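A.B. asks: Residue numbers (our numbering), protein chains in the order written: chain G, 1 to 92; chain Z, 1 to 405.
No wet-lab data here; the hints were simulated from the structure.
Treat the hints with care, as some may be off.
What the hints assert, rightly or not - Within a straight-line C-alpha distance of at most 25 Å, the following computed DSS-like cross-link-like pairs (lysine-lysine) qualify:
no.: 1; chain 1: G; residue 1: K72; chain 2: G; residue 2: K84
no.: 2; chain 1: Z; residue 1: K357; chain 2: Z; residue 2: K389
no.: 3; chain 1: G; residue 1: K19; chain 2: Z; residue 2: K234
no.: 4; chain 1: Z; residue 1: K212; chain 2: G; residue 2: K22
no.: 5; chain 1: Z; residue 1: K4; chain 2: Z; residue 2: K257
no.: 6; chain 1: Z; residue 1: K249; chain 2: Z; residue 2: K234
no.: 7; chain 1: Z; residue 1: K234; chain 2: Z; residue 2: K246
no.: 8; chain 1: Z; residue 1: K206; chain 2: G; residue 2: K5
no.: 9; chain 1: G; residue 1: K22; chain 2: Z; residue 2: K206
no.: 10; chain 1: Z; residue 1: K196; chain 2: G; residue 2: K13
no.: 11; chain 1: Z; residue 1: K201; chain 2: G; residue 2: K5
no.: 12; chain 1: Z; residue 1: K357; chain 2: Z; residue 2: K383
no.: 13; chain 1: G; residue 1: K19; chain 2: Z; residue 2: K201
no.: 14; chain 1: G; residue 1: K13; chain 2: Z; residue 2: K249
no.: 15; chain 1: Z; residue 1: K191; chain 2: Z; residue 2: K253
no.: 16; chain 1: Z; residue 1: K206; chain 2: G; residue 2: K13
no.: 17; chain 1: Z; residue 1: K262; chain 2: Z; residue 2: K242
no.: 18; chain 1: Z; residue 1: K242; chain 2: G; residue 2: K9
no.: 19; chain 1: G; residue 1: K13; chain 2: Z; residue 2: K212
no.: 20; chain 1: G; residue 1: K22; chain 2: Z; residue 2: K201
no.: 21; chain 1: G; residue 1: K87; chain 2: G; residue 2: K72
no.: 22; chain 1: G; residue 1: K19; chain 2: Z; residue 2: K206
no.: 23; chain 1: G; residue 1: K13; chain 2: Z; residue 2: K242
no.: 24; chain 1: G; residue 1: K9; chain 2: Z; residue 2: K212
no.: 25; chain 1: G; residue 1: K13; chain 2: Z; residue 2: K201
no.: 26; chain 1: Z; residue 1: K234; chain 2: G; residue 2: K13
no.: 27; chain 1: G; residue 1: K22; chain 2: G; residue 2: K91
no.: 28; chain 1: Z; residue 1: K249; chain 2: G; residue 2: K9
no.: 29; chain 1: Z; residue 1: K246; chain 2: G; residue 2: K13
no.: 30; chain 1: Z; residue 1: K201; chain 2: G; residue 2: K9
no.: 31; chain 1: Z; residue 1: K383; chain 2: Z; residue 2: K349
no.: 32; chain 1: G; residue 1: K33; chain 2: G; residue 2: K91
no.: 33; chain 1: Z; residue 1: K234; chain 2: G; residue 2: K9
no.: 34; chain 1: G; residue 1: K9; chain 2: Z; residue 2: K246
no.: 35; chain 1: G; residue 1: K19; chain 2: Z; residue 2: K212
no.: 36; chain 1: G; residue 1: K5; chain 2: Z; residue 2: K234
no.: 37; chain 1: G; residue 1: K9; chain 2: Z; residue 2: K206
Here the structure is a predicted model, which means the values were calculated and not measured.
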Amino acid sequence: MSERKRGWKTLPKGAVPYKSSKDYQTGDWGVAKPIIDRTRCSKCTLCHFFCPEGAITVRVDGYTEVNYDYCKGCGVCANECPVKCIKMEMKK
Amino acid sequence: MVAKQKIVGLNGDEASAYATKQVDPDVVAAYPITPQTIIVERFSEYVADGLVGSEFVAVESEHSALSACVGASAAGARAFTATAANGLALMWEILYIAAGLRQPIVMAVANRCLGGPINIHNDHSDAMGARDSGWIQLFCENSQEVYDASVEAWRIAEHADIQMPVMVNFDGFTISHTMENVYILEDADVKKFVGKRIYMKTEGPKGEVEFKLDPDTPISIGPLDLQDFYFEHKVQQMEAMKGSLKAIKAVDKEFEKITGRKLEYVYPYKMDDAEVAVVGLGSAMGTVREVVDELRAEGVKAGMVKMRLFRPFPVEDLKNAIGNVPVLGVMEKAYSIGGPGAPLYEEVKTVLYDLPKRPFVADYINGLGGKDTSPEMIRDVFKSLQRIKERGAVLEPVSYVGVRE
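In isolation and in its complexed conformation, chain Z is listed as follows:
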């Protein structure tokens, strides 16, 4: 049965902070950085007002923030942190440690470009730098999706078959600072949904134990792991991440039961008969949807696929969503300097390569450093895709959208 909900005005940061307040994690260790600052501010207010029982650790850096979360989580606590851009970059070392030690930490990332030159606005270069670290990565289009992901992330992270940290990504300023109507659950329903933390079963020197530091059932977490075991443990992580594709679906279904909102890994839009389509992540997909509607009204068979899940990469869902579209554009706010394309383009192409009938694929890098991706620019992308269709060839595999020459 769908639980009672009410509409409130929240920006993305507030939606993240509010959901986290309702979850009431044991430990929150965070350092403020634009455009994530509001999360930390709101949460410290909740702590000061006694609205949560969380231990708030005002750390001196993001490296320490995530380190504190790893320690807290290893001790059995629920731990939350939030960051952006250079803060996430400073966490880089600990990202791998949190994931490698299978700590179900939840982190909000208000996506912001990496300096330098210094810039505080949105793109996905921060999240893409973390894509190989072993974190589950969800991308949100609006504040509602931030709220939903911030509640659901705990169940995903702590799922018995997953036990991995989860990163909730949403675009800096575009989402983090834009107030929207958000349906929120009641505190009790959120508490009931997330329940108590589930501990993965592991095996110490004295047999099966719960994976947490407990003097009664002692285990070592994070010891030296050399040539004869490290590779095996990395394969465990890779296989667990693959396996999480099934488990996340189950959590999505439970979430739909209480909210009425159906969550998918990828959202195809007007793809059934599409001849030109765009795939991408985050808030820009809302604008793409508008443009698809306009183009459809003009007789262009346009479509789009929004991805909510980036890690694990939803290979089968994406293949199904893309279907038989002959020309596909990847729109992404990220880059790989010196690479054959930006991250999403490379991965989408990898997924499509083995298909007997694969579409032409072109990469459209846009919105770096918060540069606006306007409907006109998206129309230009679709025009470019139509030219590829007419010509039957991709002449420019990677192009930059809306940049001055």
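The following block holds chain G by itself, in its conformation from the complex:
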């Protein structure tokens, strides 16, 4: 979001957000990000169900995929993964 933010005179009244929540890319909040090792992934999709942000989707091939635009790096997926194929990597 590099465009100029609006001032009080032009902001919508009632503190209503004028952008969809999709436009707020909360992925840059995190200090770590999950990396999935698909060579060991059993396609159980538990990470998809546990992700509190809905940032892990299931692909057509059955593997899961992290959307880093919205992943806040909480690490729940890595903690829940039964085969421990997700590791949290510190962001640089």
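Fit chain Z to the known structure of chain G by using the hints.
C.D. replies: Same frame as chain G, but now just chain Z:
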């Protein structure tokens, strides 16, 4: 044209409940607390008797009462609540949320002192605790003013240029439980006056929409608002409150058209040539007026200014009303422990400070916890003001009226 009216006997609480019955808001969520109880009792009778269509929510606390009103109002409903003292204090968190989310809720407050020690009687410490929250605050002198404010408040709250919650303040017991003659409008005229709720225009992700929760035009109300937007939104509120000074005048004029009663932000009384004057809020101003008349008969050039509007603070109207009076006493039923004076005194002095010729100002804290403010005490205040005039100095900026030493 002035609408047909009749006189009925109503105490302040009943006047509030009756006016609200005539408005017939969509949702009433309230919890009874002395001295506001009669409002809730009467209104629940109106609901039980089918005289109103309102959804009455018997909540478990004042925090919930106002929370329910915020939710109802955000969904587009007209919402009313009533409270006093510790009930208002329990609402504190939601007061700011209601105002910050620009919900045009109307609330009656039968002003009562805050415990502890516990006491159920009148002063303005409850309302003064809410003065910074973003609510419009009207103060009433008698039951008639309660009725008028309780009808008018909806038009003020929902005005396209305002859209803020309104608090109708009237003194506990002194007004809330004292029956007086009140001119009331007919139901149809009240309904016509308040009309349908007006929604403020705002802008969601898909463009301009009405400010209410509607699945067809979805918006978020009350999301997280961090460092980069919160300040801007607070400035919006402050500027809207300032702007409401113009809009409330317009509503007052419309109200005068149907009732014949002229509403002002401040009411100067015998101020033209006054040498000593008192400014204040609420029912005590009726007694002050009597004392001013007595003093005038005795040759003392006394005057007074009653304030009906406290938020927004009517700066220009107050300056005009005070005029060139050389000595001004602020009489208030409130305090700020550790502060340089009580709230009204601090604000009146702030307003006067930049004037090239400003009066001496002294603060007279009175009537805390319902202690009677008698005509004799008010005479003492005027005597004190005369001494300031003679001496040309304020020796005691803040004093307590009628308290035992």
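A.B. asks: Evaluate each hint against the coordinates.
C.D. replies: Hints, verified against the model:
Annotation: proposed proximity of K72(G) to K84(G) holds, straight-line Cα distance about 19 Å (limit 25 Å). At most 25 Å may separate the alpha-carbon atoms for a hinted pair to count; K357(Z) and K389(Z) meet this at roughly 15 Å. Distance restraint check for K19(G) and K234(Z): the Cα-Cα separation of roughly 19 Å lies within the 25 Å cut-off, and the hinted pair is therefore satisfied. The hinted pair formed by K212(Z) and K22(G) meets the criterion: a straight-line CA distance of about 21 Å does not exceed 25 Å.
Taking the CA atoms of K4(Z) and K257(Z), the gap is about 12 Å. The hint holds against a cut of 25 Å. Between K249(Z) and K234(Z) the CA atoms are separated by roughly 24 Å; this keeps the pair inside 25 Å, and the hint holds. Simply put, K234(Z) and K246(Z) have alpha-carbon atoms about 20 Å apart, close enough for the 25 Å limit, and the pair holds. Pair hint K206(Z) plus K5(G) holds up; C-alpha atoms about 18 Å apart against a cutoff of 25 Å.
Note on K22(G) and K206(Z): the hinted pairing holds, with a Cα-Cα distance of about 13 Å set against a maximum of 25 Å. Our distance criterion of 25 Å between C-alpha atoms is met by K196(Z) and K13(G), whose separation comes to about 20 Å. For the proposed pair K201(Z) and K5(G), the alpha carbon gap of about 20 Å is at most 25 Å, so the pair holds. Annotation: proposed proximity of K357(Z) to K383(Z) holds, straight-line Cα distance about 23 Å (limit 25 Å).
Between K19(G) and K201(Z) the alpha-carbon distance is near 16 Å, which keeps this suggested pair within the 25 Å criterion. Under the criterion of a C-alpha separation no larger than 25 Å, the hint pairing K13(G) with K249(Z) is consistent with the structure, at around 22 Å. Distance restraint check for K191(Z) and K253(Z): the Cα-Cα separation of roughly 17 Å lies within the 25 Å cut-off, and the hinted pair is therefore satisfied. Straight-line distance between C-alpha atoms of K206(Z) and K13(G) comes to about 15 Å, which keeps the hinted pair within the 25 Å bound.
Straight-line distance between C-alpha atoms of K262(Z) and K242(Z) comes to about 22 Å, which keeps the hinted pair within the 25 Å bound. Restraint check: the Cα-Cα separation between K242(Z) and K9(G) comes to about 14 Å, which is no more than 25 Å; the hinted pair holds. Of the supplied pair hints, the one linking K13(G) and K212(Z) holds, its CA atoms being roughly 12 Å apart against a limit of 25 Å. Distance hint between K22(G) and K201(Z) is fulfilled; the C-alpha atoms sit about 23 Å from each other, no more than 25 Å.
Under the criterion of a C-alpha separation no larger than 25 Å, the hint pairing K87(G) with K72(G) is consistent with the structure, at around 14 Å. Taking the CA atoms of K19(G) and K206(Z), the gap is about 8 Å. The hint holds against a cut of 25 Å. As the CA atoms of K13(G) and K242(Z) are separated by approximately 15 Å, the hinted pair is consistent with the 25 Å bound. Restraint check for K9(G) and K212(Z): satisfied, since their Cα atoms lie roughly 21 Å apart, inside the 25 Å limit.
At most 25 Å may separate the alpha-carbon atoms for a hinted pair to count; K13(G) and K201(Z) meet this at roughly 7 Å. At roughly 11 Å between alpha-carbon atoms, K234(Z) and K13(G) fall within 25 Å of each other, so this suggested pair holds. Our distance criterion of 25 Å between C-alpha atoms is met by K22(G) and K91(G), whose separation comes to about 22 Å. For the hint linking K249(Z) to K9(G), the alpha-carbon distance of about 23 Å falls within 25 Å, and the restraint holds.
The straight-line distance between the Cα atoms of K246(Z) and K13(G) is roughly 19 Å, inside the 25 Å bound, and the hint therefore holds. For the suggested pair K201(Z) and K9(G), the alpha carbons sit about 14 Å apart, so the restraint of at most 25 Å is met. With a CA separation close to 21 Å, the supplied pair K383(Z) and K349(Z) stays within the 25 Å bound. Proximity of K33(G) to K91(G) is assessed by CA-CA distance (about 7 Å); at most 25 Å being required, the pair is judged to hold.
At roughly 11 Å between alpha-carbon atoms, K234(Z) and K9(G) fall within 25 Å of each other, so this suggested pair holds. Taken as a hint, the K9(G) and K246(Z) pair is honoured in the structure, with Cα atoms around 18 Å apart against an allowance of 25 Å. Taking the CA atoms of K19(G) and K212(Z), the gap is near 17 Å; set against the 25 Å cutoff, the hint holds. Distance check on the hinted pair: K5(G) and K234(Z) sit about 16 Å apart at the alpha-carbon level, within 25 Å; holds.
Note on K9(G) and K206(Z): the hinted pairing holds, with a Cα-Cα distance of about 19 Å set against a maximum of 25 Å.
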